[in-house]
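**Student:** Chains A and B, in that order, are what the protein sequence lines are. Residue 62 in full-length UniProt numbering sits at position 62 of the first sequence, with consecutive numbering throughout. Residue 255 in full-length UniProt numbering sits at position 255 of the second sequence, with consecutive numbering throughout.
Treat the hints as calculated values from the structure; they're not laboratory data. One or more of the hints may lead you astray.
[Claimed, not checked] Computed beta-carbon distance windows for the label pairs:
no., chain 1, residue 1, chain 2, residue 2, range
1, B, Lys120, A, Pro40, 30 to 38 Å
2, A, Asp29, B, Asp393, 40 to 48 Å
3, A, Val36, B, Gly320, 45 to 53 Å
4, B, Lys120, A, Arg2, 21 to 29 Å
Glycine residues also receive a C-beta, built at the ideal position from the N, C-alpha and C atoms.
Now for the letters of each chain:
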Amino acid sequence: MRIRADHDVCIGAGNCVLSAPAVFDQDDDGLVELLVDEVPDDEREAAEVAVRRCPSGALTLED
Amino acid sequence: MSTSTASTTDSSSETGGAAPGRRPTPPLFRRGEDFAPQLGDAAVERIQGPFGEPVWAITTWADGRAVLSDAERFSREQLDLQGVDSPEERRRIRAGNMLTLDPPDHTRLRRAVTAEFTVKRIRNLRPRIEQIVDDHLDRMEAHGSPVDLTDAFAPAIPSLVICELLGVPYADRHDFQSRAATIIDFTLPMETRRQVSLEMRTYMRELVQQHRRDPGDDLLGRLITRRGSGDDPDDLDDDELAGLGNLLLIAGHETTSNMLALGTLVLLRQPDQRRLLVEHPENVDAAVEELLRYLSVVHMALPRVATTDVTIGDVTIPRGDAVVVSLPAANRDPELVEHGRDLDLGRAPTNHMAFGHGIHHCLGAPLARAEMQIAFPRLFARFPDLRLALDDDPDFRTETFIYGVRSLPVAWGPIDAADETADTTAEVAR
């Protein structure tokens, strides 16, 4: 599973980092940063929660 | 149970629990025993807004999310400001207050402060927050039982934290707390609230100018250093810096303060829930999410205006009408949560909307969460036998955008008669 993160849409709320800290971080501007290219199986559920909790709609699941 | 219907716009027939001289509380701001809003069953209701004006209220989770994530069809910026006709005055009132703006101005302002509230930055603040909480608990203990929690604890912690973070003198707290209380009281004349809002601007402009002379290592200083020169089109002028500073200052203490007071109230009233908090410190994050959901202290997401006709379910909202989302109603929607009228600190965190949704989602959410995750367990660890020192219902605050109590006397230690003498003259909201 891969995730697409749209920097232009991100508002830096940080919900993704709280939901799946192994997958998401925030860069120096506070905007979303992906820590992995491919989401490992054991992070899948947390990553899906993060996508649902993103308030700005910056995150999309792929495949 | 529910006192309003989709067609009710006239408050005169309603019993809103108004204090003498005040308008009845509009339905969006009335809460039951279980903190649920007193609304009807319809997903979209035509009801009375905070200023007595008709609004469309969204009460479901899915429709609420849809409205709040659609800033194009539901605009904050195009909402009329009552009694303000000149575009120049409107611009000045809104300058820097990103909560009242749409993209691109909203985006520019939010981007200027996003880095200050990242999960990492807030994590680094935790030791200082812990120290602030412990200092206030020390002071409560030194004072002795009983104390008013809305004086000694609830507002003090978030106020001191946001003051240090922003670079606002804590010594000024009584002034800015009282001005904030006026601004969020929608039953006061608009004139009064505008006047106080101007005073706030003047105060913050002075702080901005001090920071221009000596930036210092705080948020205002860093913001001026990075975004205050005017060399870049994205830079902020002094009006914007003051507006943004005031928004962060008000939002930074009013919300968490009321969460701490109401959260303590509800935990003292529900000993089984309090036990879950105390006996399972490893679940504190989930417990705080549940308190946020259940209390939803922000009654409604601030009004948007429909920029085009929008159909939600079987209701068509005409272009130009105001739309609000009832956050406590959405946060009890069965689609989000089972048995949503119950507080259950043991449940898995829900995807609640207590911090709003969409581009205006609370910037300070990581900070508010950290403050509560630290404050609640420490309060109950310090005073294991904490109890309410109240003979009656607390004095709920129903005339502000943020729900709360005016006072919350609490006691601990051996029970004696004098100890439990609460202020029973306080007026009960209903």
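**Student:** Work down the list of hints and note, for each, if the structure agrees.
**Tutor:** A quick look at each hint next to the structure:
1. B:Lys120 <-> A:Pro40: 30 to 38 Å: violated (22 Å)
2. A:Asp29 <-> B:Asp393: 40 to 48 Å: holds (47 Å)
3. A:Val36 <-> B:Gly320: 45 to 53 Å: Between A:Val36 and B:Gly320, where Cβ atoms are some 46 Å apart, the hint holds.
4. B:Lys120 <-> A:Arg2: 21 to 29 Å: holds (24 Å)
Consistency note: the structure conflicts with earlier hint 1 alone.
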